[in-house]
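Student: Sequence:
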Amino acid sequence: MARNLVIVESPAKVKTIKKFLGSSYTVAASNGHVRDLPKSQMGIDVENDFEPKYITIRGKGDILANLRKEAKKADKVYLATDPDREGEAISWHLANALKLDEKKMRRISFNEITKTAVKTSLKNPRNIDMDLVDAQQARRILDRIVGYRISPLLWAKVKRGLSAGRVQSVTLRIIADREEEIDAFIPEEYWSLDAILKIKGEKRPLVAKFYGTEKKKMTIQSKEELDQILKSIESAEYTIADIKKGERTKKAPVPFTTSTLQQEASKALNFGTQKTMRIAQQLYEGVDVKGSGTVGVITYLRTDSTRISEEADASAREYIGEIYGKEYVAAGTKAKESDKKIQDAHEAIRPTDITRTPASIKESLSRDQFRLYQLIWKRFVASRMQPARYETTSVKISAGEYRFTVAASKVAFEGFRTVYTEADEEKEESNVLLNGLSMDSQLTKEEFDTKQHFTQPPAHYTEAALVKTLEELGIGRPSTYAPTISTIIGRRYVAKEGKNLYITEIGEVVNNIMKRSFPSIVDVNFTATMEGLLDMVGEGKVAWKEVIRNFYPDLDQSVKTAEEELEKVTIADEVTDVICEECGRNMVIKYGPHGRFLACPGFPECRNTKPYLEKIGVACPKCGKEVVLRKTKKGRRYFGCEDNPECDFMSWQKPSEKKCPQCGGYMLEKGNKLVCADEQCGYVESLNARSTKEKDN
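Numbering (this note's numbering), first residue to last: 36 to 732.
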């Protein structure tokens with residue numbers, strides 16, 4: 036009997052796959068990568084056309100020895116690593132490390148770990164796809180060059196242990212740019228105006244929102260403007276000007292990609308990107324389902340394709356027809372069109388068996404596994420269903436020269452919403468009062484409801500919003516989102532408070548150095564173009580070394596220029612007038628993981644340290660003592676009183692020593708403007724000019 040060896044990446048898959056194959060198959064795991072570039076040096080021979088120097092990863096010697104032993108005994112060796120660039124590269128490294136004979140070595144890949152998929156892959160073995168391997172090599176070498184050339188500069192300039200990365204640095208910049216946008220944002224006043232109307236013969240009042248004039252929509256920007264409108268409609272006659280009835284449809288969502296799964300799991304389940312990927316990996320590799328044994332319950336989790344196999348599509352339609360009725364089955368297949376080059380080798384993320392409902396396997400899953408599986412299952416079922424249909428009613432009410440509107444919709448056909456609604460989907464308004472309205476309905480005004488509002492700054496990034504932005508900008512790929520975000524949080528460049536991400540003091544320092552010395556590395560368009568080039572390598576259209584050859588000279592010149600500039604800067608500890616109470620020396624400012632702190636220069640004899648509270652030269656608006664720069668526990672900067680906790684003054688924006696000439700309150704610096712801290716006052720002036728201007732009324 037022939038002896039076959041199947042090598043997979045994860046030990047968790049061994050148990051699952053062993054069960055599908057007969058006694059003539061041995062299944063073993065490589066535990067991920069077995070070879071990589073050395074940590075102690077760059078590991079790339081720049082003089083020898085960027086030839087990489089791969090070494091066995093520490094701790095993998097025994098695994099490789101065991102795999103060599105099994106490979107010698109086998110007649111055929113099947114490399115069954117993950118179906119993506121990374122998996123293809125691992126197969127290539129395994130073939131080299133194990134010195135496998137090309138005649139008996141074959142590559143197989145499957146998008147799901149089920150008996151059918153594994154057996155089908157064994158019937159269709161292939162050679163290692165060197166284009167995909169080269170794309171992964173190019174990405175790895177680019178990242179290594181960026182990290183190993185730039186990180187030492189950050190060590191010299193700021194502190195040891197800092198790092199720069201090709202995708203990491205541009206992600207940090209995106210967050211920093213959003214922080215600057217929020218800090219510079221100046222709220223603008225606007226007012227809402229609702230008319231509470233009585234319909235003759237109805238007990239309940241009708242609430243109509245101010246629209247504008249017959250010809251154009253208006254925004255009420257000040258109290259004066261509001262008063263003027265109120266005055267003109269106070270005694271106006273309220274009549275129905277127009278009633279429109281219509282139908283609206285909401286299309287079913289496409290199945291999950293890696294990016295959309297991370298976004299929706301964050302919004303619906305409050306999962307971080309890393310947690311989502313970890314649990315999805317468990318569901319893909321196999322869980323012990325009662326009655327079925329160990330089986331993979333979802334397809335491969337790293338994908339940016341929304342394609343679904345014909346078999347899975349047919350199976351879903353049959354299931355929906357049986358459970359919900361034929362009228363719920365979608366008319367045609369759904370696949371999101373994209374103008375970007377995508378890794379379309381595999382499918383969207385879906386359940387491996389649609390009849391394996393979340394309820395039927397709930398007892399076999401942990402709580403988090405169940406919640407994620409349920410989200411994936413519902414989204415996939417919904418994607419093969421009919422759109423939801425709504426009956427809409429829109430009413431325009433005239434009051435003199437102005438118009439008010441009331442709109443409502445009710446569900447006519449649930450369609451896919453029977454199974455799935457997105458986490459941030461707004462509830463549909465249903466207003467039964469509109470059903471009885473006609474052009475002859477008589478309306479009388481009861482009262483007006485007016486409210487003052489202020490425009491809000493852009494929201495801070497959440498992990499979900501950041502993943503969406505990275506995908507839209509074409510930065511990184513499905514497998515990189517979670518590790519990139521984890522890295523910038525782990526290095527304390529970014530703090531996560533609640534769901535929001537904030538740049539820290541150390542993050543600002545690193546971002547500023549990168550923007551000044553390496554503008555192309557943190558340029559969004561440059562990074563997206565590089566991703567496109569790497570995709571072209573994977574398609575066999577560009578040689579991988581060509582990408583490196585074109586990239587390296589500019590980086591090398593930037594590093595040399597930055598090194599020269601750094602040589603001109605004396606990177607010495609800044610001495611302060613704070614005296615060490617333990618030994619009497621003047622304490623110095625140092626950088627730590629959380630930013631700056633005060634330390635005694637007598638280290639190691641004297642180990643005294645204390646927080647560094649930088650005075651900004653502004654008196655506290657509450658108590659008159661000094662305002663200092665402080666940090667939250669996670670490293671986010673804010674301004675507070677030096678007498679905290681006795682005085683509770685705090686502000687996210689920097690206070691100014693100048694008082695508001697309009698109300699006498701304190702003012703804040705926002706970009707190049709000085710703004711009164713009291714939104715109701717609304718006074719604004721330019722930081723760069725003496726002339727002042729009141730808020731535009």
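Check the hints yourself; a few may be wrong.
Computed cross-link-like contacts, BS3-like style, restricted to lysine-lysine with a CA-CA straight-line distance of at most 25 Å [unchecked claim]:
| id | residue 1 | residue 2 |
| --- | --- | --- |
| 1 | K431 | K550 |
| 2 | K134 | K54 |
| 3 | K150 | K134 |
| 4 | K50 | K361 |
| 5 | K361 | K431 |
| 6 | K238 | K431 |
| 7 | K74 | K111 |
| 8 | K74 | K134 |
| 9 | K138 | K158 |
If you're looking for bench data, these hints aren't it; they were derived computationally from the structure.
Just so it is clear, the structure is predicted and the values come from calculations on it, not from any experiment.
Student: Which hints, by number, does the structure contradict?
Tutor: 1, 2, 3, 4, 5 and 7
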